[in-house]
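A.B. asks: Sequence:
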Amino acid sequence: GRPVATGVPGEVLIGGTGLARGYLGRPAETALRFVPDGLSGRSGERLYASGDLARFRPEGELEFLGRLDDQVKVRGFRVEPGEVEAALEAHEAVGRAVVALRGERLVAWLVPAGGERAKVEELRRFLAARLPEPMLPAAFVWLGELPLTSHGKVDRRALPDPGSDRPELEGAYVEPSTPLEEVLAAVWSEVLGVERIGARDNFFSLGGDSIRSVQVVALARERGLDLTVQDLFRHRTVEALGRQLEERLGLAEGEAAPSDEELAALLEEVEGLSDDMVLSRLRDQSEPERSRA
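Counting in the working numbering, the sequence shown runs from 4 upward without gaps.
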């Protein structure tokens, strides 16, 4: 019920002399949407709670961010899909963007602006400079056009699933070359739902996150690999991780190490998970396997 600062998302409330009295014959909805006006200082005035999410930009424009009822939770964090869509549409390669939750993953469907399609790593770097890590989509799906309803709105139910194909990455596919790399690639494939895992593919570019890193470690240990979450955060490709497990040495040649701040934030997120949350995530992962069996 209080105004937010410039740049901060909030619900749009509408007031003034042109405001309706309420919904005809629907007193319950009127009471829910037509709320007391605590801003005008006039007794008995009402504001209409629109359910629209927006924010004021520094230059004074009102930026629409979606609907409050589209709000989702990702790994315990509240995410406004409209805010992610607005950030994506600021990229020169993206014409339209729709973001929604599929299963436990945040997915972005994109229509190109006309030029070449941006690679996953480029989109993630672009978003990471503008949004916190839990708001970064795990998968990006390029479409020729967005499916629409008969009313011209985006038909979210008709948006295709990301599928299991390897996403468009900056690097070419490199086949795992050792038995250990093959085991690691199989573990990543099972956890991430991606069929072909290249030896030099980045775990996080493939849709990995803190929760899935815990799942990878648990599954790798079941298969006899002495792997830790710290290993996965420091060595983000199958090739580098395999070399670490074989030699327990430094990073693979040519791989950039994450900054201390980035590594600390990722580890803090994992360490903040309760035992019940970790067990729940691992149980969710194993249930589809039991169903198929």
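Everything labelled a hint here was simulated from the structure, so no lab data went into it. Where is the CB? At the ideal position from N, CA and C, for every residue including glycine. Just to be clear, a hint being listed does not mean it is correct.
Unchecked claim - Now the in silico label distances, taken between C-beta atoms and shown as ranges:
# : residue 1 : residue 2 : range
1 : Gly47     : Pro115    : 44 to 54 Å
2 : Arg169    : Phe80     : 22 to 32 Å
3 : Glu249    : Glu193    : 37 to 47 Å
4 : Arg224    : Glu32     : 19 to 29 Å
5 : Val7      : Ala161    : 27 to 37 Å
A.B. asks: Determine for every hint whether it applies to the structure shown.
C.D. replies: Here's how the hints hold up against the structure:
Evaluation of the 44 to 54 Å hint for glycine 47 and proline 115 yields a pass: the beta carbon distance comes to about 52 Å. Taken as a hint, the range 22 to 32 Å holds for the pair arginine 169 and phenylalanine 80, whose Cβ atoms sit roughly 27 Å apart. For glutamate 249 and glutamate 193, the hinted distance range of 37 to 47 Å is not satisfied, since their beta carbons lie about 21 Å from each other. For the pair arginine 224 and glutamate 32, the beta carbons lie near 53 Å from each other, so the given range of 19 to 29 Å is not met.
Roughly 34 Å separates the CB atoms of valine 7 and alanine 161, a value that falls within the hinted 27 to 37 Å.
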